[in-house]
Amino acid sequence: MIRVQQNDFDIGAEIEALRAGRTDIGAIVSFTGTVRDTAPHGGAKDAPITQMTLEHYPGMTEKELTRIEAEANERWPLQASLIVHRTGALKPGENIVLVVTASAHRHAAFEAAQFLMDFLKTNAPFWKKEDGPEGGDWVDARESDDDALKRWDKSDEAAE
Amino acid sequence: MIRVQQNDFDIGAEIEALRAGRTDIGAIVSFTGTVRDTAPHGGAKDAPITQMTLEHYPGMTEKELTRIEAEANERWPLQASLIVHRTGALKPGENIVLVVTASAHRHAAFEAAQFLMDFLKTNAPFWKKEDGPEGGDWVDARESDDDALKRWDKSDEAAE
Amino acid sequence: MSVKLLYFAWVREKAGKAEEVVELPENIKTVSDLMAWLRSRGPEYVAAFEQSDVIRTAVDQTHVAHDTAIADAREIAFFPPVTGG
Amino acid sequence: MSVKLLYFAWVREKAGKAEEVVELPENIKTVSDLMAWLRSRGPEYVAAFEQSDVIRTAVDQTHVAHDTAIADAREIAFFPPVTGG
Numbered sequence: 002m003i004r005v006q007q008n009d010f011d012i013g014a015e016i017e018a019l020r021a022g023r024t025d026i027g028a029i030v031s032f033t034g035t036v037r038d039t040a041p042h043g044g045a046k047d048a049p050i051t052q053m054t055l056e057h058y059p060g061m062t063e064k065e066l067t068r069i070e071a072e073a074n075e076r077w078p079l080q081a082s083l084i085v086h087r088t089g090a091l092k093p094g095e096n097i098v099l100v101v102t103a104s105a106h107r108h109a110a111f112e113a114a115q116f117l118m119d120f121l122k123t124n125a126p127f128w129k130k131e132d133g134p135e136g137g138d139w140v141d142a143r144e145s146d147d148d149a150l151k152r153w154d155k156s157d158e159a160a161e
Numbered sequence: 002m003i004r005v006q007q008n009d010f011d012i013g014a015e016i017e018a019l020r021a022g023r024t025d026i027g028a029i030v031s032f033t034g035t036v037r038d039t040a041p042h043g044g045a046k047d048a049p050i051t052q053m054t055l056e057h058y059p060g061m062t063e064k065e066l067t068r069i070e071a072e073a074n075e076r077w078p079l080q081a082s083l084i085v086h087r088t089g090a091l092k093p094g095e096n097i098v099l100v101v102t103a104s105a106h107r108h109a110a111f112e113a114a115q116f117l118m119d120f121l122k123t124n125a126p127f128w129k130k131e132d133g134p135e136g137g138d139w140v141d142a143r144e145s146d147d148d149a150l151k152r153w154d155k156s157d158e159a160a161e
Numbered sequence: 032m033s034v035k036l037l038y039f040a041w042v043r044e045k046a047g048k049a050e051e052v053v054e055l056p057e058n059i060k061t062v063s064d065l066m067a068w069l070r071s072r073g074p075e076y077v078a079a080f081e082q083s084d085v086i087r088t089a090v091d092q093t094h095v096a097h098d099t100a101i102a103d104a105r106e107i108a109f110f111p112p113v114t115g116g
Numbered sequence: 032m033s034v035k036l037l038y039f040a041w042v043r044e045k046a047g048k049a050e051e052v053v054e055l056p057e058n059i060k061t062v063s064d065l066m067a068w069l070r071s072r073g074p075e076y077v078a079a080f081e082q083s084d085v086i087r088t089a090v091d092q093t094h095v096a097h098d099t100a101i102a103d104a105r106e107i108a109f110f111p112p113v114t115g116g
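Residue numbers (this note's numbering), protein chains in the order written: chain A, 2 to 161; chain B, 2 to 161; chain C, 32 to 116; chain D, 32 to 116.
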């Protein structure tokens, strides 16, 4: 399941909804991305941020998240999965994104959650703008995020 | 922080307690292990289970969990971490273990959570007995859990 | 051909608009052609599409490379590398 | 030397007790010696320590190998490979 929303999400409630009444799940992994109060602005310096604004491409966002989630479910035996991403203005400490995966086994749940985050970071059409005392800056994409994708190349995939 | 308890835990409340008032966290990973309604009993056959009983070694358990948590905090820059493990009789669908890690960056949070689970599985003195229609069986340790440890050998450790 | 163009993040800010509908000349075959044509339309487009190699494109909500043909496209979006999550 | 022995999981079930305090003979130097001596104490210990290579040991709450010296140990625990998590 995927959702794009302005409102906050409740991590505990989302996990409970996913697992409710099920006894075939052995492992549940959640990843929550949150707004930090400082950010590296295209270099070594850490700048304080007072607010982050998340812009996205309505329509394509949902399409990409659905595609990424389907791909994860094809690669790992998941009993359930969830992606929730917020948009709009967010303060430091607030939630940005939630990914939850449930599987019979822990390695599948962990790997699928990491895969979802790596693909979301590089494919889902969201853009962050950070506002600080000296104005706003669009966040630069990070090479490390592109690098993180490489481990999911089909040829490298470890047997589960 | 580590805790061994008979009572259930509330995943959402545990995560909230860990992050409350903090704006330096960028990534929170949680792993929840739950009781499945079937279990492979030393082979290919899946047997139905009606209850699981967790025995442990009071004193040593806390010592091992503390040691494992300290090791994770030494290896990754974590802002917070938590291990909660239940003991006693548990029904299918119930929680067994919770691991939470918080870091500025997602790779550290993901890796530390996996490390905690891999070490807990092979070092913390807990033993599971599964009760089914045909009686009780102590769960056999799995070679795959020993194998999972190997990727954390210091020499193989990937740069963060 | 009439096509809807969408701009996001700093591409939007530099272009000074979030979307527009344009009539594409016949000779515009690929995403690269389209960016070159847009740059010819005014200084705001020059600013927006100056770093064209950095700009990402989606045709009908699917990521595409710059040499992709845009025949039959209904919606073409230009944006910086994504930074969600 | 007086030492507290603890048994867990199927080792406990087979030994028929969770713990006991024993006086160790002088010639018991290692964990292996101790397991051999326990097997000499009765059929329940034979059953518990039959698969001695599978049994794990902790001396004073720290995992140890079977060839570890147990001098000065106050608490020695025997158990199957752990299966928590």
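Hint data in this document are derived by calculation from the structure and do not stem from the laboratory.
Incorrect hints may have been included.
As the list claims (entries may be wrong) - Each computed BS3-like pair below joins lysine-lysine, with the alpha-carbon atoms no more than 27 Å apart:
1. D/K35 with B/K92
2. C/K45 with A/K130
3. A/K92 with C/K45
4. C/K60 with A/K64
5. A/K155 with B/K151
6. C/K35 with A/K151
7. C/K35 with C/K60
8. A/K130 with C/K60
9. B/K130 with D/K48
10. D/K45 with B/K130
11. B/K130 with B/K64
12. B/K155 with A/K151
13. B/K64 with D/K48
14. B/K151 with B/K92
15. B/K64 with D/K60
16. B/K130 with D/K60
17. B/K64 with D/K35
18. A/K151 with B/K151
19. C/K60 with C/K48
20. C/K48 with A/K64
21. C/K48 with C/K35
22. C/K48 with A/K155
23. B/K130 with B/K92
Cross-check of the supplied hints:
1. Only pairs whose Cα atoms come within 27 Å are accepted, and D/K35 paired with B/K92 is rejected, the gap being roughly 33 Å.
2. Under the criterion of a C-alpha separation no larger than 27 Å, the hint pairing C/K45 with A/K130 is consistent with the structure, at around 14 Å.
3. About 25 Å separates the Cα atoms of A/K92 and C/K45, which keeps this hinted pair within 27 Å; it holds.
4. This hinted pair checks out: C/K60 and A/K64 have alpha carbons roughly 25 Å apart, not beyond 27 Å.
5. Among the hinted pairs, A/K155 with B/K151 is consistent with the structure: their alpha-carbon atoms are about 23 Å apart, no more than 27 Å.
6. At roughly 34 Å between alpha-carbon atoms, C/K35 and A/K151 are farther apart than 27 Å, so this suggested pair is violated.
7. Among the hinted pairs, C/K35 with C/K60 is consistent with the structure: their alpha-carbon atoms are about 15 Å apart, no more than 27 Å.
8. For the hint pairing A/K130 with C/K60, the CA-to-CA distance comes to about 33 Å; that exceeds 27 Å, so the pair is violated.
9. Distance restraint check for B/K130 and D/K48: the Cα-Cα separation of roughly 17 Å lies within the 27 Å cut-off, and the hinted pair is therefore satisfied.
10. Restraint check for D/K45 and B/K130: satisfied, since their Cα atoms lie roughly 14 Å apart, inside the 27 Å limit.
11. Pair hint B/K130 plus B/K64 holds up; C-alpha atoms about 23 Å apart against a cutoff of 27 Å.
12. The suggested pairing of B/K155 with A/K151 holds, with an alpha-carbon distance near 23 Å, which does not exceed 27 Å.
13. A threshold of 27 Å between alpha carbons decides the hint, and for B/K64 with D/K48 the separation of about 24 Å falls inside it, so the pair holds.
14. In summary, the hint linking B/K151 to B/K92 is not supported, as the alpha carbons are separated by about 32 Å, beyond the 27 Å threshold.
15. Note on B/K64 and D/K60: the hinted pairing holds, with a Cα-Cα distance of about 26 Å set against a maximum of 27 Å.
16. Pair hint B/K130 plus D/K60 does not hold up; C-alpha atoms about 33 Å apart against a cutoff of 27 Å.
17. Of the pairs offered as hints, the one joining B/K64 and D/K35 holds, with about 18 Å between alpha carbons and a cut-off of 27 Å not exceeded.
18. Between A/K151 and B/K151, the direct Cα distance comes to roughly 22 Å. Compliance with the 27 Å bound is thereby established for this hinted pair.
19. Pair hint C/K60 plus C/K48 holds up; C-alpha atoms about 23 Å apart against a cutoff of 27 Å.
20. With a CA separation close to 24 Å, the supplied pair C/K48 and A/K64 stays within the 27 Å bound.
21. This hinted pair checks out: C/K48 and C/K35 have alpha carbons roughly 12 Å apart, not beyond 27 Å.
22. A C-alpha spacing of about 40 Å is found between C/K48 and A/K155, which places the hinted pair above 27 Å, so the restraint is violated.
23. In summary, the hint linking B/K130 to B/K92 is supported, as the alpha carbons are separated by about 12 Å, within the 27 Å threshold.
Checked against the numbered hints above, the structure violates hints 1, 6, 8, 14, 16 and 22; every other hint is satisfied.
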